[in-house]
Structure formats: C-alpha cells, structure tokens
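K.L.:
As a plain string of letters, each chain reads:
There are 2 protein chains.
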Amino acid sequence: MAVSSRQKTLFLGSFVHSKSLGELEFLHDSAICVDEKGVIVAVEKGCGQDKVEEIVFPKLGWTAGEVTVRTSQPGQFFFPGFIDTHIHASQYPNAGIFGKSTLLDWLNTYTFPMESSLSDAAKAKKVYSRVIERTLSHGTTTASYYATISVPSTNLLADLCLEKGQRAFIGRCCMDSLAPDYYRDVSAETSLADTRATITHIAGIDPTNTLITPILTPRFAPSCSRDLMNGLGALQKETNLPVQTHISENKNEIALVKELFPEFDSYTEVYDGHGLLGPKTILAHAVHLSEAEIDLIKKREGKISHCPVSNSSITSGTARVRWMLNKGVEVGLGTDMSGGYSPSILEAVRQAALVSNHVAMGGDDSAKLSVEEVLYLATRGGANVVGLGEKIGGFGVGMEWDAQLIGMGQVGSHEKCDTGPVDIFGWESWDERIAKWVFNGDDRNTLAVWVKGRLVHERILQ
Amino acid sequence: MAVSSRQKTLFLGSFVHSKSLGELEFLHDSAICVDEKGVIVAVEKGCGQDKVEEIVFPKLGWTAGEVTVRTSQPGQFFFPGFIDTHIHASQYPNAGIFGKSTLLDWLNTYTFPMESSLSDAAKAKKVYSRVIERTLSHGTTTASYYATISVPSTNLLADLCLEKGQRAFIGRCCMDSLAPDYYRDVSAETSLADTRATITHIAGIDPTNTLITPILTPRFAPSCSRDLMNGLGALQKETNLPVQTHISENKNEIALVKELFPEFDSYTEVYDGHGLLGPKTILAHAVHLSEAEIDLIKKREGKISHCPVSNSSITSGTARVRWMLNKGVEVGLGTDMSGGYSPSILEAVRQAALVSNHVAMGGDDSAKLSVEEVLYLATRGGANVVGLGEKIGGFGVGMEWDAQLIGMGQVGSHEKCDTGPVDIFGWESWDERIAKWVFNGDDRNTLAVWVKGRLVHERILQ
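Going line by line, the protein sequences match chains A and B.
Residue 431 in full-length UniProt numbering sits at position 431 of the first sequence, with consecutive numbering throughout.
Residue 293 in full-length UniProt numbering sits at position 293 of the second sequence, with consecutive numbering throughout.
No lab work stands behind these hints, which were simulated from the structure alone.
Some hints here could point you the wrong way.
A pair holds if it fits inside one copy or across any two, identical chains being indistinguishable in the list.
Here are the simulated DSSO-like cross-link-like pairs (lysine-lysine), alpha carbons at most 30 angstroms apart as the crow flies [said to hold, decoys possible]:
#, residue 1, residue 2
1, 19, 8
2, 327, 126
3, 125, 164
4, 125, 416
5, 299, 368
6, 164, 123
7, 19, 391
8, 368, 100
Given the structure is predicted, the values throughout are model-derived calculations rather than measurements.
Could you build the full structure based on these sequences and the hints that come with them?
P.N.:
Printed below as a string of structure tokens:
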C-alpha cells in the first residue's frame, strides 16, 4: 500500500493558499518541508534552499543528501489540492449527457441504468480507474464519492483510490424505495448489511483511514425507507462515520419528500428525525432551503456541498451560498458529476462565481462570490465539509501535503509543448494571474499533484 | 496573400452540421470536394474514396493525382467552423480579469486602459497575433472584431487576420463622448475620417473582401455623439458596410442612454433614429429589450449577438434567446471577450445552454436551448448574423470550406498524446458524443481548422 511518500521532500518557490474566506496568502521565495509520512514539518517564508539547509534541516534532523527537492519555476505556484465534496464516480461515462432533463427524470433516463451496469466488474474497473485518473489530473486530491449499490464494485472503487493514491470517502448507495426493480436494495436489512460489508472491506485495506474512509450514503430521502434511514442513523452513532446525502435540489423532489414524509415539517427534518443530520453530515445541493432549515443545519453543525455546475445543468436552481456562509454554515464545492457535466473542481470554482452572479442578478448584490472566495470553498471550505480542516486545504505545519503545482503559458516563450489555455503576457499581477487561471485554466495547468506527500499525477511536458 | 487553398481537396469520413435550429445532420462515410478557391463543389453521402474518384471526379474534371485527401478517423468528424459574432481583440490580455465589476465600472477599470495601451504597435502585434492564433485553435473561422480607436493598430489586426487566414470583420471603435480623455476620438469628424482610413486600408489588402471586411463600429450609444452616429449612418448608406454595436446590456447603461437621449423612446430607437439599425447591423447582448424593441429590430431585420459568458460574468442579466428566435430575429453567439472570460465559442455554446436554463428557472420551461440549438447558433445562426449565411456555417455545394476536424479521446486506447478532456468509452451514440464534446470539449478536440479551404490551424499530436 503506497500511502506514504516514503521520502523527505523540500518544496521551494511560490505557494498560494487561502488565509481566510476572502483572502489569499502568497508565499514567494519560500520553502515547505514534508516528511516521509506526507506531513508538513516546516513552512519558511522568504527562504531559499541554502538557508533552509543551513537553518531548518538541522532542527528537523534532516541532511541535504536524503531530501528530494522540487522547485516551482518562475510564474508557477503550489496550491492546495482541490476537495470534491460530492461526486458520483459511477456516473462518469455520462458526463455531459443530460439533455433537457431535470432531477427525477434524469435519474431514470440516464443515471440508474448507468449505475446498475457497473455491477459488471470489468466495466466498473474501467470507469473507476478513469474517473480517479481524471479527477487527479484536475487537481482533486480528496473526493467524497458515491459508488453504486453493488458491494464488490464499491469495494473496487476503494481499492483503486488507495492504489492510485487519492484521498477518498467511499459511499455505497443505499436505496430501498422508489427506484427501479433492476436497481434497488432488496430491503432495509440487506442495504444495511451491504453497507457494513463495504465498511469491513475498507477497514481491511486502510485500517486507520489514512486515505480511504467509508461514508454512510442514504441516496436521498425519496429512495430510502424509514427503516433504512433509522438503521443508518443508528450505524452512524455506532461507528461515528461521516454521512452524505442530497437535499433540496429540485422543487419536484421537495414536493415528493413532503408527500412521502408528511409527518415532518421540512426535508431537513426528515434527515434530522432519522439521526442523519450531524456535524459529520454532507448535504449536497441545498438549493431551496428555508430559513428554518438552514438554522437547523447550523444547529446540528451539518455541512453543505454546493454543486453549481449541476444546478445550472439540470435546472435545479441557484443556491444562495452567501446566505449559507452568513448563517455560519460550512460550505464546500462538489462537481456532482454527472448531474454536473464536468469532473473538474476548477470548473465548479468558475461556475460557483457565475451562479453567485445569477443570485446577485436576482437582486442581492452581496451574493457575488470573489475569486478568492470560490477558491476558499474549493480548498479550506471543502476540507471543513469533509471533516479534515486540520489536515488539508492549506499549507501549515502539522497539515498534510495535498497539493498541486500550477503553471501557465507565457506568450512569446515559444515552448513546443501545449502549455494550456491561459496566456500570461508578463505584466499581470499575482491576483490577475490567479483570476486568469480560475476563469480559463484547465487540467493542462495542473502540472503535478501530490496526496499526503506522494506524487500521484504529473503532466509530462514534451 | 494566402487567401485561397490553392489545391483541390477531398475530405472523407463523417460530417456533422445543422440541418435546422433543432436538428443536426450526420453524414457518415461521406465525401466533400473542395476546389482551389475553397468552395465546396460536391457533397456525396455514403460514398467512399473509390466511388468519388470514379464517379464524382470526372464530373468535376478532377484527376486523382492532383487532389489532396484528408480523412477523419473513426469517431472523428468535420464540423463547420465557429462564428464569433462579437469579440474585442484588444481586450484579450484581460481575459478572466474582471473582479466583481459591472459594465460601466468594468470599462473604466480594465478595458479602456488596456485598449488605449494597444496604440503601441509592438504590443498590439503581440496581442493580436495571439488572439487570432487562439481563436483559430478554438475553431473560430470567422470573427467580428472590435479593435481600438487607433487606425494603425486596427489596420494591423486586419493585416494579421489576412496573413493567418481567419475570416474577419474589422471594426475601429468609434467613441467621441463619455470616455476618458486618454482614450477618445477627438471629434465626430476625426472619428469618421479615421474610420474611412481603415476602410481604405482594407480595400487595399483585400479588395473583394474575400476574407476581410470593414465593419462600422459605434462603440455604444453612450460613447457616441449624435453627429458621430448620424455620420456613421450616412457612411453605412454610402458603403453598404455592416455595422456592429452594443445594446441593452446592463440596466445602468440603459438608464444612461435614456438620460443622454431623452428624445428617443428606447435604446433601439436611438440606433434606428441615426440610421444604424438595418439588416447588416449586429447588436451585441440585447439582454433587457422590450417587446417594442425586439419588434423594431425584427422589422429592420437587425441581428443579435448573444454573449452568455459575458452576461453571466459581469452580471448583466440573462438574455431571452428563445423569445428572440420566436420573434423571428436571427441570433448568433459572441464570446464578448474580455467581458466574457473566454476566447472560445465552444465555451459560449456551453454557457448559452446554461443561461437558457437560468431563463427557464425563472419560470419559462420553453426557454431551454438544446445541444442542437446552441450549436446552430454558433454556426448557421452566426453566419446569418454576419450576413454570410449562404457561404458559411454548414456544408453544401457552393458554400465555402470553413471547417474544423473534431476528435475525442478513446478510453483504453493508450495514446501517448493528450487527447483532451473528453472520454469516449465506445458505447455512446453520435448524439451523446456531440453532447460530450459540447459540455467538456476544448481546443484539444479541435484537431485542425480550415478557412476557405486553407488549413489555418493544426494540432500536432505527439
């Protein structure tokens, strides 16, 4: 199991990360030391290799000969890895295919048939391998995945994430109601037993959850019986595992929940009433929440995964992120692929800005999210949502090295390789470079990716 | 001047283009013959090389030895080149840089300083060369450009488009009012004289407008005096040249127009009253038009350039494209870079779909534009907007070969090169492949680009 970097590394050059929601910190000519376990043991501002070797290494008990050095070239910078707080690995082959559908018909037309087909192990391996490689190439160092209802294929996703070195939460979809006969858990009992089977499997491959953690995954209230949700709530209490589900994505879905669970006053109360709303719960979408619902989520310390690409694609609505943040609720970004068409969190970053503009065009100018804010959501915000705010999402001593090296093309440099879609003319400020990356960047700008100190993706520039 | 292909070419394989607004036509195992002038002289469905050489070549008087053959590989297809009906070449270095601005402060903060700086010929050459290369690489075979107020730098843009082989409308920005002292035409007279100077220059380099056409460009009503607009209206009558301007982009702008031109009942009537609204007029944005305005535009046969990326970026609003189309007005797509962050029409295609979804979320489900419809806007729609509907935007005998070859990556094919962001698993229908390209594709999928039969861009796969 390749879960550690197994080597001491000195990273040199420029580092950029979120200092707060609205502010990026730029550390130039700086150094970060990462130990064999992938943990950051030193962050030195304005400090070159010589000085680090002379002053910092002795404190760490390091000698220069045993340390690998990785330097960002001028204009390049290290940035925290992205955290995708909501992604359906099993829907990857449908990315971009959704027609004019909305949530409920989209599930039946595109999603359930695809997910069901991944009970074929060979197909699952092909799809899951590719989605992990792709998301790593887009800088996603942590993903909270939905797999399918199949135990072997969910376990395979866990195995592949561990092998390829992506930090992941792996959820077997629990759904014993209102789904087609060909793709539904037989009963609450089998659904719970199957979920335990994936938990046991992951305990076998990564006992201390260094990279892989199971996550309890009631698909969404309409596809879960009361018994199943109660059982998952009890399992959460027993195991203290995180929970992920969908909430308040689409108006027809909300009406359906009201019809199916008339004893509850809101969608949020349905989860709360079954023991599924707590500080380790990730609620995806949250587009149409009421004041009472956001207040309850805040009270329970529940987390929200904002999925702007998905919400604009299958016309769910425009989530009011500023309102959530003002309420003090933690928000991260999710691709929600393939409700969202893209596996890239950078695309979600861009669309989070645009969706916030659409909210602003509805009348509330303060709704607009800045470049700094959407990048915060993709890193520190996401880390808080998945409960790893102390470990990832930024650079600090004691945190783990989940990072990406970003580079952009210099106009006139006559590089033979494809340096990507961003053109830097040379007169841009650092804020402007970051804005250019956010709005026009893609996986070509992500030159290398590390998780827990291990190099898990590198773009070979030819 | 390299304005013709100078060789007969036989294109073989799959061809996809719009049959109508809502329908794509797929021509597989087909052949298109393009003559030395870049004109399509034969379109043969279901017809391989042997059959073409045997049956079609004799009719054309062609012999196999003199014909270059270009074949799309399985999964690849030829598609009409994109038409960008509204793009500011001079703003390219600012792509992605707009902060939280809206139109009027955006102009003063980012745009006027950049445009003004391009009076430096060396800088203009660097920027314009790059924007042409970039837009060609994104498949833009025709662009309706705004340059700056500078005559030499506007002429340079025309020269570079001709040299690099992009079909272009070149507009010197006319603006003698309400602009900063450092960047404004001195008077209506100088503005008109300078405009005539660029028309004369283009008549010298491309007398029959085979590729390059001047376009009269009153920036927008607030920056034009009545004399200037009247003068441009008269010049249009004299020359029959096309006109481009902005209209009804932003609510503060509309209020400003109302204040500046109290004698007119609407923004549209301001242009109409100065002889600037006719069948050759391209109106960019048209976000907040009234019923009376769209009816007047229809009556005058004016055209609309829809700029969804820009409208969502600088929070202008959501243009009602379905409503325009239902009124019978021709609509094309514009990047409006750098109000829009991207030089790619494919990005505008994507965002046109998303913006139409936002209009639909406002209550009118019929507003949603399909994949087929947004691709129509980018090709045939754009061709009609720039007055070249008979020549470009689709494949037909007598039309010119403005085309791009599209390819996507096959999962598991182990190609060493970067085949781009789209993954084809092999089980997708052609409609699904197109949807994947539209939502996740980028310039890596545009393998080659031709304008008027001339190969003007090719991606070297290593």
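K.L.:
Treating 30 angstroms as the Cα threshold, decide for residue 299 and residue 368: within, between, both or neither.
P.N.:
within (25 angstroms within a copy, 38 angstroms between copies)
K.L.:
From the Cα coordinates, with 30 angstroms as the cut-off, is the pair residue 19 and residue 8 best called within, between, both, or neither?
P.N.:
Result: close within a single copy only, 26 angstroms intra versus 61 angstroms inter.
K.L.:
Evaluate residue 19 and residue 391 at a C-alpha cut-off of 30 angstroms and name the case that applies: within, between, both or neither.
P.N.:
Cα proximity of residue 19 and residue 391: one copy only (15 angstroms, versus 55 angstroms across).
K.L.:
Quick one: residue 368 to residue 100, C-alpha cut-off 30 angstroms, is that within a copy, between copies, both, or neither?
P.N.:
both (27 angstroms within a copy, 7 angstroms between copies)
K.L.:
Taking 30 angstroms as the upper bound on the Cα-Cα distance, should residue 125 and residue 164 be classified as within, between, both, or neither?
P.N.:
within (13 angstroms within a copy, 46 angstroms between copies)
K.L.:
Cα distance capped at 30 angstroms. Does residue 327 pair with residue 126 within a copy, between copies, both, or neither?
P.N.:
neither (42 angstroms within a copy, 48 angstroms between copies)
K.L.:
Checking an output row: residue 164 and residue 123, CA cutoff 30 angstroms. Within, between, both or neither?
P.N.:
within (18 angstroms within a copy, 45 angstroms between copies)
K.L.:
How do residue 125 and residue 416 come out at 30 angstroms by Cα distance, when the copy is not named: within, between, both, or neither?
P.N.:
Only across copies: residue 125 and residue 416 sit 21 angstroms apart there, 35 angstroms inside one copy, limit 30 angstroms.
When each numbered hint is compared with the structure, a violation occurs for hint 2 only.
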